[in-house]
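Visitor: Line by line, the protein sequences give chains X, C, W, H and V.
Yeah, the first sequence ends on 316 if you go by our numbering, and it's all consecutive.
Yeah, the second sequence ends on 309 if you go by our numbering, and it's all consecutive.
Yeah, the third sequence ends on 365 if you go by our numbering, and it's all consecutive.
Yeah, the fourth sequence ends on 511 if you go by our numbering, and it's all consecutive.
Yeah, the fifth sequence ends on 336 if you go by our numbering, and it's all consecutive.
No lab work stands behind these hints: they were computed from the structure.
Hints are supplied without guarantee of correctness; some may be wrong.
Claimed, not checked - Cut-off 27 Å, straight-line C-alpha distance, at most; resulting in silico cross-link-like pairs (BS3-like, lysine-lysine): (1) X:86 <-> H:258; (2) H:258 <-> X:162; (3) H:380 <-> X:162.
To be verified - Just the calculated beta-carbon pair ranges, DEER-fashion: (4) H:471 <-> C:67: 34 to 44 Å; (5) W:154 <-> C:41: 34 to 44 Å; (6) V:129 <-> C:211: 34 to 44 Å; (7) W:313 <-> C:34: 17 to 27 Å; (8) H:190 <-> X:229: 39 to 49 Å; (9) H:176 <-> X:183: 34 to 44 Å; (10) V:200 <-> C:211: 57 to 67 Å.
Since the model is a prediction, treat every value here as computed from it, not as a measurement.
Backbone N, C-alpha and C fix where the C-beta goes; we use that ideal spot for every residue, glycine too.
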Amino acid sequence: MSILRFVLARFGAIIPVLIGVTLVVFLSLQLVPGDIALTLLGRFANAEQLETLRRHLGLDQPLLVQYADWFMRLVQGDLGDSLAQKIPVALILIPKVANSLILMAGSLILVIAFGFGLSVLAAANFRGPADRVIVFVSLILASLPVFWLGLVLLYVFGVKWKLFPISGMYDMIDPGGLGQLLHHIVIPAVTTAASSIAIVTRVTRSRLIDVLHQPYILACTARGLSRRRVVLRHGVRNSLATFANIGGLQIGYLFGGVIFSEIIFNWPGIGMQLYESILQRDAPMIQGCVLAVAVVFVLGNLISDVIVHALDTTRR
Amino acid sequence: MVDGPVTGKVASSRRRARRRTNLYFVWHGVGSDPVARGAAFLILVLLLCAILAPVIAPFDPNAAHNALRLQPPGTPGHPLGVDHQGRDILSRLLHGSGMTLLAGVLPVVLGAVISIPLGLVGAWYPRLGEIVMRLMDIVFAFPMALLAIMLAAFMGPGLLNMILALVVTLVPYNTRVVYAAATQERQLAYIEAARAAATPDLKILFVEMLPNVAAASVVYSCTIIGAVVITAAGLSFLGLGVQPPIAEWGIMTSEGRSYLVNAPHISALPGIAITVLVLAFNLVGDALRDSLDPQTRLRLVRHRPHLFG
Amino acid sequence: MAAAQAPQAPEGGAAHHQAIGQAGRAAARASMAAPILSVQNLKTWFYAAAGVVRAVDGVSFEVRENDILAIVGESGSGKTVTALSILKLVPTPPGRYVGGHVFVDGEDVLSQDATALEAVRGAKVGMIFQNPRGSLDPSFTIGSQLVETIRRHDPVANRTDALRRAATALLEVGFDNIEHVLESYPHQLSGGMCQRVGLAIALACRPRILIADEPTTALDVGVQAKILLLLKRKNQDLNLPIIVITHDFGVVRAIATRVAVMYAGLIQEEGLVDAILEAPQHPYTAALIQSVPDPDTDVAGFSAIPGEAPDPIAVPDGCRFASRCERVHARCRIELPPLHEVADGRQVRCHLYDPTKGNGSCPET
Amino acid sequence: SGSSALAAESTIVVAVESDFGRMDPHASGTWNTFKVLRHIFEGFVEEDLTKGGSAVPEVVPALAESWEISDDRKTYTFHLRQGVKFHDGTPWNADAAKFNLDRMTNESFEFFQPISKGMMGWVWQDLNSYEVVDEYTFRINLKQPNSEFIRRLTAGGSGSPRMMSPAAVKQYGNDGIEQHPLGTGPFKFVERVVGEKLVIAKNEDYWNEARKPKVDRIILRGIPEVATRELALISGEVDFIGTPSPDSIEHLKEQGMKIVTAPSPTMYVLWVNLKDPVLGNVKVRQAICMAIDRDNMAKYQRKGFAQPAYGILNFGGPGYDPAFRDCEYNPEAAKKLLAEAGYPDGFSTRMDWTFGAGSDVNTKGDAEWLQRDFEKIGIKASIEMFDNNTYWDMMTAGIREGTGFMSVSWGESTFAWLDQVLASTAQPPSCCNSGYYNNPNVDALLSAARAAGSEEEMTAKLREVQKIIADDMSFIAYYTADSVYATRPEIEGFVLAPQHWIDLTGVSKKP
Amino acid sequence: MSGNLIEVRGLKKSFQVTRGAILRRVVGVTTAVDNVDLDIKEGEILGCVGGSGSGKSTLGRLILRLIEADEGRINFAGRELTGLSFKQMCPLRREMQIVFQDPLHSLNPRRTVAENVERPLLNFGVPRAEARGRMAELLTMVGLDPTQSHKYPHEYSGGQCQRIAIARALALRPRFLFLDEPVSSLDVSIQAQILKLLLDLQQRLKLTFLFVSHDLKIVRQIAHRTVVMYRGRLLELGDSDAVYRSPMHPFTKNFLGTVLHVRKGGRWELAAQRAEDLEDLNRQSATHAAPQAGCVYAGACAERFLPCASERPPLFRATDDRWVACHLYRPPQAAQ
Ligand SMILES: Nc1ncnc2c1ncn2[C@@H]1O[C@H](COP(=O)(O)OP(=O)(O)OP(=O)(O)O)[C@@H](O)[C@H]1O
Ligand SMILES: Nc1ncnc2c1ncn2[C@@H]1O[C@H](COP(=O)(O)OP(=O)(O)OP(=O)(O)O)[C@@H](O)[C@H]1O
Ligand SMILES: [Mg+2]
Ligand SMILES: [Mg+2]
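So here's chain X without its partners, still in its complex pose (with noise of 0.2 Å):
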């Protein structure tokens, strides 16, 4: 199958996937014990503004009903408004996505970077003292609740070194520019991306020693390929559909670390959003942050999964 032929098909699949997403954010605010219109509007409302709600909202329709309205509004690109803030919830989520994807991307760009670096390093050594050394270190990383060593890195980095800076995306004077959002992301990335350098290592290593203890690699060491051609070239080149895909997964992962690491580093994302609105019991603006943060994960699988299709031959 061709890429574009995969990316169109692939496109098509996502749809449902996405239809079910809206599905179950507007179902979670079934969960939420009481009445739903005095969720929506907040404690302030009174009698007669939550029944002009309840009408508009349709709830005593069938809940299909209720889902199609809200859907309809959604694709229109209406959250409805934040609770606490009275502003459209979609206003409000617009900076704070872009936000996270800065520091997604740099945590992204470390995971790729030491997951992969470390990956192939231990490999090609493997069993040998930096194979030891690099599991231990990831099984380490691996069994780092994200709070806490961002708030050791705070610790470390910030209070005692005063190497970074500790908090926001920018200086709060003369805020802007590349080099201040470099000094500002680098402990909030190595937070958010520490586990996932810890599971793309040890699942890339896995499968380059697996691959490594391929019939093709002995083939090609028995042609007089050296180590490092071997390694490098076929090694490589056959892991990178794994690693590709598992760093896809961890589009996921660092979503889940970003909100940790947002909110102790005070970076204005999503993340950092959705605790708040947590906080306030903001309904609207928890489903606005969750629907993003999903739209953008699957919208990231499917690059990665693209990836992975461009790379693997058999599929040609």
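Fit chains C, W, H and V with the ligands to the given chain X structure using the hints.
Guide: Same frame as chain X, now just chains C, W, H and V with the ligands:
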């Protein structure tokens, strides 16, 4: 015809064998790896701590020693220091271990219990299975942590709701594992042999396939317990899980955040505790995977690595 | 590896053979018919968790120009490990070259370092494997894999040169739609085609000797014949000695000139194919040939060797076949028989052929 | 400290304790938000926060240059300041004043802000009518005399009668105004990124030379996490923070930071849900009052930056009596009282709590402290935490079923807040009598205090109220906290008045 | 001559290769078994040879009704199998059993050998104690030590596992055994052991075998009659000896030509050369769907002539015991 004594002998040795089924491979994998053995021991110790906390903890976890607030580890009488509420951190850690274990392990167990039949039946009836798996795809569109956070946020904070949220989040993952294993298992000749011997479908599923497939689920569960412990602690950290004043390591880490400048130990200690517990789970999980995974198991027994084509 | 570099005091029952080997080597170097490959008392063991697997435990043979040597044996008898050891390809750990030498064109392979080895692999010794598709990298086209190998051993060749040579190599193994094959990925070719590609790659660098490890086992019968034919032609056209590893006496009969029968890490009998197939001397060889069904005789029924090969971790002290041998006697269980030279170029590892006791008779019964 | 043009201006960065709420002063409900709003918007009169000390801040003219009170103390005639323009250029005049009063009080007005009714009922409770006399004269008529009316016009926090640009409201609408808050104050709104920052800039055209800002820009951000706030200060990312943790003050001083403290009217009070079947029993409430170890709470929870509080009258407000005790700490007696009330083994309840805002420090710790104190007399209280803005919404909606207590830090320099808290008219959803306290005597006394002709009379009435509340034990205070700010050493000119909010006009930054 | 145990008429099975879950699309059809008529006599060993993918396994599975046929009828010992429900099939299952190629995977890895062997007995309501006795008996019969039956399959070698599988297949005392390449994954010396055992059992228990293999040497040795399959169709059927000595169908000739003989060489080289010539043709036709009309082997056949491409030759009786599906041997009167 075989005479009586032989039959008897067979029977008795079989009884012995059945005991071995459950523990043999686990023991072989976990027990022979000193690191994993250490990790398993550690988990047992923590479990013991959790059970015995009321007895061995030096103080009531909620008793405030106000004069000693924020005292660092090494304070006389409070080896791990005192927190911002004047509570003994060691006692809180000991009491918290139970909650942390519970919040991490229970969802995994429940998830597996639900997933195994779901995945098995799905794999046996491919049409149904496809539909179930497509429904699960929707759940995979949410990052795991996010889904748990959303569900917990909407259901409201509390231990029970958190566990529920985690179960809902875990079931699809576990089901996928069971489904994949069962689909693979279904291809194997022994299933066909069972059908040839007129074994009814349900019996094939739950008598023949279950033990093989459950192993996959158990292995998967073991490898994710660590992650679930972190997620559960994370939910508590966000205020969505266990509620104060219950000692729980996630909350303890979260509470210490405000005192990072002058009393970093309040956050540091529970964080270390979580890390160690998760590390132990991960080590045991890895060893279990290596020992229960049929591939490795075959290798283990036949001493013949499958190296050359 | 220290053990391989320093000529070592020969051990155990192989002592006498080692001496012959060394003397023979000196003489052979001078003569025209110097062996291209000489394996001497090779011992490759695996240090596995469960114990030491003595996969190859003192194997010696020589391959000269024009030879097609077949190594036959049951699964696990150490055929592949022998082949891999020739190119020092056995993964270490868990493998270890415990003793012996492998001389390719007079150079001791086992004592060479990684860089020197790369010049031997592919260039002097070509190799093809049992799993034809599996031994081609699925991510690269046939062309690029051929070119890579060619340029590896001929650094002066530029891409076009190499590509031309690649095309020639494919032509030589009987492809006609060369362009198409060059652009293909392994999974787009059939198993037989993959095996021919493997052969083309192996031959592209004009090796002095070719090792084929079960080249046809994974193929359909029809295709199998084709590959064997191709091997035989190459042997004749290029004067290329070949080692064929197989467990199928049909293959042995079809192409080999000489055969070595392996069992439990040791060569049990070695000699010319016709001689051995007509009149096997080692009880194992005889039983093995007997157990191959023969469609040309009308006798129904099978003669099977009872029992199974010994656990490679706990090999018995004496003859390794003793437990399954019909003609076993006390000595067999105690003492490992050496290879007895029973005729010109024919060796048997069996106490029955102890020259001091008189050939073919059973000394202690 | 950069080299760009922006940096040449002086900018200070202020980190407050939580993000800001709504920017509509008539609808805004948190003190933190008011810290900003009072720099953007002004009313007829204002409290003078440019002086420190512990005396109640003086009321000074703002958009009204002067005013007259009729003899029956019911008619207030304001002479408006001339030549003042809103930030969008709209002139300030009596029409603008009327527009704002309409917006706050006239339910049929197109731009009526519905929330302001509940928020500011206490300001306008005696309002009868208002009229434009001429372009710069505006008159307000009260139904009855209100001894505190002028001071109440200065108040903020939960709604404040400050003047917005009518043109802006018309242009952007009641909701759109959130993003376009245009007033007359010393600072102009520049931008707001929700959850991130709020930027205000010097109003070059500000009418009051004395209060013209010393800095060009102020960036405000809510950093809820106290440790992050402190670290940002230490690292120089922010210049000025509100409410460091009492536990960190020594450390901050060591780092060279300036600590500014002042007493404040911030009193912490438990609202009791009188609709709760258990807490409806006054003996139970008395037991609870007796269970709280206020002395140690102030000493440990606040490291001494707090004093135990008893009774409903707060420090800094009218009628405050430091000697008053509504109960004494005595857990034993409390237990007995509980038993008398029929709960010898205690009971379970829930406390809805907030992470706090303003000068709130470790309110969760307070909750846990109370939880422990209550546990000692057998009451098991669970805690549920809420964001501060949400929490206020909840207060206004009334304590929910199943919750026994909520707690808020409150207390003002007027007793207006008692009207919002104690009066039966302030029951949800109007305002903040969230526990549904209803005592006609209190209503009458409050009204009498408002109408009182003299300070003594007002004080007497208020103390009577305090007595009644103590008997009913419907509100249980536990401590009054000081306000504490920390600044970087370069920050100068910051004066902290004994009030919840601050004045930033005098602040400057040494280069 | 004894009667037929199994009679197969017009058996047909094709597999659809589908994509998509909810909206299924058929992207290809493989006809695995195509219009097969076959009789298996009581007490005989019928060998079945053919290249990979020729439908040998499918044929056996169809007969055992492990998969449903698209068309055709199967008659077992006088009873019509087609259309029987699970319940109705049950008693018949006792009489027909299967042994697979891969010995290890045909045993449940998490059940002991004893449990594996007892399973069929328990399914048919044999009491546990009795089943245990039978199990021991069966294991002894296939040459294993019943006292070791508490072990797990992977603790046994391949040959032993195959013995266990045979024991299990025999547990219900079947009359018919479908042996799907039972020895092809075993070593030569072990192969011989298993074949010996099978032959022995067949004679002792008067079993009927359908013996599938792609090793002609083995089939020739063990089977009474041999059927040759190609692309789902039967091309030739006859006495093993006859088929081997004088193959009729060009495919059989080619196929036999490739057999590597131990005792004399030569013949295979010719066949190999011929095969080489035809390889491209073969590949081409393999990529296309099987020809709608005409002989399935026509594409690869060296002796093809006109009718081969247009008309599909049925399997007809060439001589007394020989059946062949090739126009070359069609008696003139049968060609309409
Ligand atoms: N990597 C390894 N680790 C441990 N043991 C090994 C390893 N590779 C091979 N062996 C052992 O070495 C012995 C010989 O193996 P080898 O692969 O040479 O057999 P073979 O004769 O090629 O068999 P086959 O016909 O199955 O290919 C076997 O017993 C095997 O278990
Ligand atoms: N379950 C199935 N789904 C789809 N196609 C199938 C299925 N089973 C068999 N086939 C196809 O049917 C054809 C015949 O398969 P079958 O397994 O019967 O061949 P075989 O003769 O047993 O081959 P082999 O010698 O490789 O075992 C093959 O092309 C195969 O791909
Ligand atoms: Mg081999
Ligand atoms: Mg088959």
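Visitor: All the hints need checking, so say for each whether the structure fits it.
Guide: Outcome of the hint check:
For the suggested pair residue 86 (chain X) and residue 258 (chain H), the alpha carbons sit about 37 Å apart, so the restraint of at most 27 Å is broken. Of the pairs offered as hints, the one joining residue 258 (chain H) and residue 162 (chain X) holds, with about 20 Å between alpha carbons and a cut-off of 27 Å not exceeded. Of the pairs offered as hints, the one joining residue 380 (chain H) and residue 162 (chain X) is violated, with about 44 Å between alpha carbons and a cut-off of 27 Å exceeded. The beta-carbon spacing between residue 471 (chain H) and residue 67 (chain C), approximately 35 Å, falls within the hinted interval of 34 to 44 Å.
The hinted range of 34 to 44 Å is not satisfied by residue 154 (chain W) and residue 41 (chain C), whose Cβ atoms lie roughly 59 Å apart. In this structure the hint that residue 129 (chain V) and residue 211 (chain C) lie 34 to 44 Å apart at CB is violated, the actual value being about 23 Å. Separated by about 23 Å at the C-beta atoms, residue 313 (chain W) and residue 34 (chain C) satisfy the suggested range of 17 to 27 Å. Checking the proposed 39 to 49 Å range against residue 190 (chain H) and residue 229 (chain X) shows it is violated: the Cβ atoms sit about 60 Å from each other.
A hinted range of 34 to 44 Å for the beta carbons of residue 176 (chain H) and residue 183 (chain X) is consistent with their spacing of about 36 Å. Checked against the hint of 57 to 67 Å, the C-beta distance between residue 200 (chain V) and residue 211 (chain C) comes to roughly 34 Å, which is inconsistent with it.
Against the hints set out earlier in the document, violations occur for numbers 1, 3, 5, 6, 8, 10.
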